[in-house]
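S.K.: Sequence:
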Amino acid sequence: MDRDHIIDLLTKRTAAGASSTNYSGVAIVGHGGAGKSTLAQYAYNDGRVKDHFDARMWVCLSRKLDVHRHTRELIESATNGECPRVENIDTLQCKLRDTLQKSERFLLVLDDVWFEGSSNEREWDQLLEPLVSQKEGSQVLVTSRRDTFPAALHCERVVRLEDLKNAEFLALFKHHAFSGAEIGDQQLKVQLEEIGEKIAKRLGKSPLAAKVVGSNLSRKKDVSSWRDALGIENLSGPRRALLWSYEKLDPGLQRCFLYCSLFPKGRRYYVDEMVHFWIAERLVESCNHNRSLEDVGRDYINELMSGSFFQPVYEGKEIVNYVYTMHDLLHDLAESLSSEDCFRLDDDKAEIPLTVRHLSVRVRSLIQHKQSICKLHHLRTIICLNPLVDDVSDLFHVLLRNLKKLRVLDLRCHSGNKLPESVSELKHLRYLNLSRTSISELPESLCTLFHLQFISLQTKGIKLPGQFCNLRNLRHLVICGGGTASIPNIGKLTSAQGLGTFCVKKQKGYELHQLRSLNELRGSLRITNLEAVTGKVEALGAALHQKKHLERLELVWTEENGSREEDTTHLEILEALMPPPQLNGLAIGGYKSSSYPSWLLDGSYFESLESFGLTNCAVLECLPVNTGLFRNCRNLDLCKIPNLKILPCLPAGLENLEINQCPLLMFISNEELQQHGQRENTIRTDHLASQLALLWEVDSGSTIRRVLSDEHSSMKQQLMALMDDDVSEHLQTIKSAVEEGRDKVLTKENIINAWICCHEQRIGLIYGQRIRLPLVPPSGLSKL
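FYI, in full-length UniProt numbering the residues of the sequence shown are 1 to 784.
Honestly, the hints are just simulated from the structure, not real lab data.
A couple of the hints might just be wrong.
Lysine-lysine pairs mimicking DSS-like chemistry, simulated, CA-CA at most 30 Å apart [what the hints assert, rightly or not]:
1) Lys220 x Lys201
2) Lys405 x Lys317
3) Lys135 x Lys95
Distance ranges between label pairs, derived from CB positions [as the list claims (entries may be wrong)]:
4) Ser225 x Leu9: 52 to 58 Å
5) Asn473 x Glu129: 49 to 55 Å
6) Ser598 x Ala171: 58 to 64 Å
7) Asp725 x Thr569: 45 to 51 Å
8) Gly523 x Arg706: 30 to 36 Å
9) Gly461 x Arg291: 23 to 29 Å
10) Lys508 x Arg706: 31 to 37 Å
Positions of the beta carbon are idealized from the N, C-alpha and C atoms, including for glycine.
Could you build the full structure based on these sequences and the hints that come with them?
M.R.: Have a look at this one:
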């Protein structure tokens, strides 16, 4: 199998051959659409490869090699972070060299290499010069349509992808063409299989064509659609097959697909980001009032995915469901079909067509293009893909005064420290991204952009204008560090779908009733400082039960006075803060009542609560019992509940259980133990001891000392009633191990044995029965 062969070449060869470097090269060669990048991705994400290389990088190369840009991309891939703004190539390469020198072995994937011969050999030498590591055995994996490579890659081993055999290719086509619902009509199925065999023979054995054409036909299992595909001329060329599939898309999907050409090959398309772009450009429309534009946009993503216009991204064997990529040939198709409307400026010598409506920028400076951009009077989009070295504030102040029709402005990572004043003149602006900039304050004039739907301000300490709440069409507000809590009168942003944190304050504009009309909120909502709420009436004003799109809710009293006295107003407030029934996650913190609200005791109220948590609830003694609250619960988190004594029978579907600082807790009563004794899954003391020993092997320093310290504190409290000489001696052994330097005198075996003895006494005390009875967790529990 090619996949295993590639992995063997990468991991089983350790010497760098006769080269002067400590890396060697492997090349995958094949025609466009043959599966080179897919094969490389499988190898890149394979567990054997991850274990072998402690640094991995993936860069998709441009047709014209750009050493500066690709060096930045190498740094970002190696560090999984943003590369600092640096113009000097020598400085960048020193940064890359320093990063790689920390690794023993690295793997670099260079996707879609185009070698132009000796004319750019010097650029290749410069790009690869910083590739160093501590040991030999580092590898460069190359994908290319050609079999000639620069000498600096040392590609001594070449794997050529041969055409699939006829039967293999037909099986691939059928896999995609007959996916989805089973065809019940056997006569129709036979007809389609006959037509499908004829179509497959005309696809030129291109795996990509089989995938895209087959995926398109899978949604239209009727004879006329399949015969239409059979009648296409020149179907053996992959581009013609891809074009036919594109033409079968709905017009809205076609526009969204073409918009993707603004981004470079190999780029990852993040679902939410693309949907926000499409909505801002009015490429997404919804006629159904029960479905948001975002829902429709995600449907578009799924349609393009099911038609194989997008490809999944894998982490190991798992698909990452929030990000996709696009095949190079499909990207080429999008570029050619959108050339009049969409333009990617990634070459200083490029000329921008006057017809362009959507512009993305990859050059390091825009100064020489300023006049050309100012002439684009119909421009709707400017997206800066890489940081600019220009003084962006002054440059864009001039540009934006001539671009009044802009709907999307993405200036992430730009170098200016203030927002261009002319932004306030962009009355049609829907999308503004100022993430990771040096901007510290936004002008009041920004608040006149009444059509603004999305703004990202992921910059620490940014000061918002006082009238920010006037942006009433704002759907998405992304602010670093929960900055939404500082916005007064946020209740006016009735279209907002994400709020993050709302901090109640005893001052005008921050009252709890600000949440009343925010019924479009989605995802997570955290309400803090509930001690500022006066009582039931004020809490009812939040109308939380009307937030039907919320998925997770956290309600927190944040006052830290250490009191364990009951506060009756807490129950009144929590009763009034009844959440919507469709929640799948609920957490409560700082609650000081021994009783639960009626909605939490109603076993039928929540439809699908999967996660439940209690933190710092000083008065509670038990969880809600005899209810169906936990019937769907998979995650239970209990922390700092000092009086919690009883944990009723755990939910059958529980997967993750976390308990911290609950010293009086008994897992189940004797009666419940007898009732549920037939459960097969057990956790035994010797298994727990082995886990402690394993932790010791991994980290014999501060981590194991911290674990033993926590165990000593809890055991000392729990075993007070059984404190005889043996228990006291064992506890003293554990305490000695905790103290700095003392664990060197004691052996590991003695310390673990002391812990085992105390743990057995603890289990016996908890269950009130003889020691060797098992702890009874749910059968699906995977984390304790």
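S.K.: Evaluate the given range 45 to 51 Å for the C-beta pair formed by Asp725 and Thr569.
M.R.: The hinted range 45 to 51 Å holds for Asp725 and Thr569, with Cβ atoms some 49 Å apart.
S.K.: That 31 to 37 Å hint for Lys508 and Arg706 (C-beta), does it hold up?
M.R.: About 46 Å separates the Cβ atoms of Lys508 and Arg706, which means 31 to 37 Å is violated.
S.K.: Straight-line Cα separation of Lys135 and Lys95 no greater than 30 Å?
M.R.: holds, 19 Å
S.K.: Could you check the hint for me, namely that Ser598 and Ala171 are 58 to 64 Å apart, CB to CB?
M.R.: holds, 59 Å
S.K.: Holds or violated: are the alpha carbons of Lys405 and Lys317 at most 30 Å from each other?
M.R.: Given pair Lys405, Lys317 is violated - Cα atoms ~45 Å apart, limit 30 Å.
S.K.: Given the hint of 23 to 29 Å, is the C-beta distance from Gly461 to Arg291 inside that range or not?
M.R.: violated, 38 Å
S.K.: Between Lys220 and Lys201, is the straight-line Cα distance small enough, at 30 Å or below?
M.R.: Status holds; Cα separation ~20 Å.
S.K.: Tell me if the beta carbons of Asn473 and Glu129 are separated by a distance inside 49 to 55 Å.
M.R.: holds, 51 Å
S.K.: Cβ-Cβ distance between Gly523 and Arg706: within 30 to 36 Å?
M.R.: Given range 30 to 36 Å: holds, Cβ gap about 34 Å.
S.K.: If you check the beta carbons of Ser225 and Leu9, does the distance land in 52 to 58 Å?
M.R.: violated, 43 Å
The structure does not agree with the numbered hints 2, 4, 9 and 10 stated previously, though it agrees with the rest.
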